[in-house]
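Residue numbers (this note's numbering), protein chains in the order written: chain L, -2 to 111; chain A, 48 to 223.
For the record, the hints were derived by calculation from the structure and aren't laboratory data.
The C-beta atom is built at its ideal place from N, Cα and C for all residues, glycine as well.
Hints may contain errors.
As the list claims (entries may be wrong) - Only some residues are given here: those of chain L computed to face chain A with a beta carbon under 7 Å:
#1 G17
#2 V25
#3 A50
#4 P70
#5 V84
#6 L96
#7 V97
#8 A98
#9 A99
#10 V103
Claimed, not checked - Per the computed footprint, the stretches of chain L lying under chain A, defined by three or more beta-carbons under 8 Å from a beta-carbon of chain A, are:
#11 29 to 42
#12 52 to 65
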Amino acid sequence: MGARFRGLPGSIAAFLGILGLPCVIIVVLGTLYSRYGNLPEVGGGLLAVSAAASGMILAMAGKIATPLLQRRPLESAPVIIAVFVAVALLRFPLPWVLLVAAPVSVGIGFWRRP
Amino acid sequence: MKGSGALGALAINFLILSLLAFGGANAIIPEMQRQAVEVQHWMTATQFAALFAIAQAAPGPNVMVVTLVGWQIAGVLGAVVATAAMMGPSWVLTFTVFRAWDKFKYQPWCMAIQNGLAPVTVGLVASSAFLLARDADRDAIAFGLTAATAALAYWTRINPLWAFGVAAILGVAGFS
């Protein structure tokens, strides 16, 4: 975005503007965690937030998947399932999964183009 | 696991992740978790889940979990190295490639690449959700929190931070 409006300096400014304050906040929170993370209340609270956050990510996957599955179910569903099995269940390293899945998926899309 | 060896491993790990992050920060959570917990043994799965929760609940981009992981492993220097390694390549790539991408965006081969990568991203983001839920959902209440937040975020426009707040209160109170 920054690059679009002001070239290189704009891009650097946008980068620091987006990351500067959050970086400070996150390091403060991290310090608090390493000091108080062993307390059962803190650990329990964070684990519960983590449970909620995983739900949010699941919804995100659902939102990206819905239009894909509606428009091109035969092309997208096998790729989604294969990547999920390889990464989530078999825990294959990501570089290898991508090296196979990305060209195959692009190939399927190109071969069965609408 | 502190020292220059850890810093080097951090830099290499996040440089590689950075180049794989075309699907966004949530697409590389599985690999980040695999490296930090299973390969390098930098932390336990529970610690990773906690750091992830902090990064999600805090303001700023989700990719800040990288800063936290680096900080946890090697202090301030670790945070800087991990963040720079993660952001640097994708930042350079964005700056140099986006003009070309803008120009070719509507070319058939370019659309084919975008369409082909979308289902891969879905598989990766779904894997993130699964792996994090596996580590966080120790009981029925936590599982309910995951399901309720997913439903809330999918079907409503309510800010998920409210769900995080409710979850935090329940968790601190010892219910989950």
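Practice prompt. Enumerate the violated hints, using their earlier numbering and listing them in ascending order.
Written response: The structure conflicts with hints 1, 2, 4, 6, 7, although it agrees with all the remaining ones.
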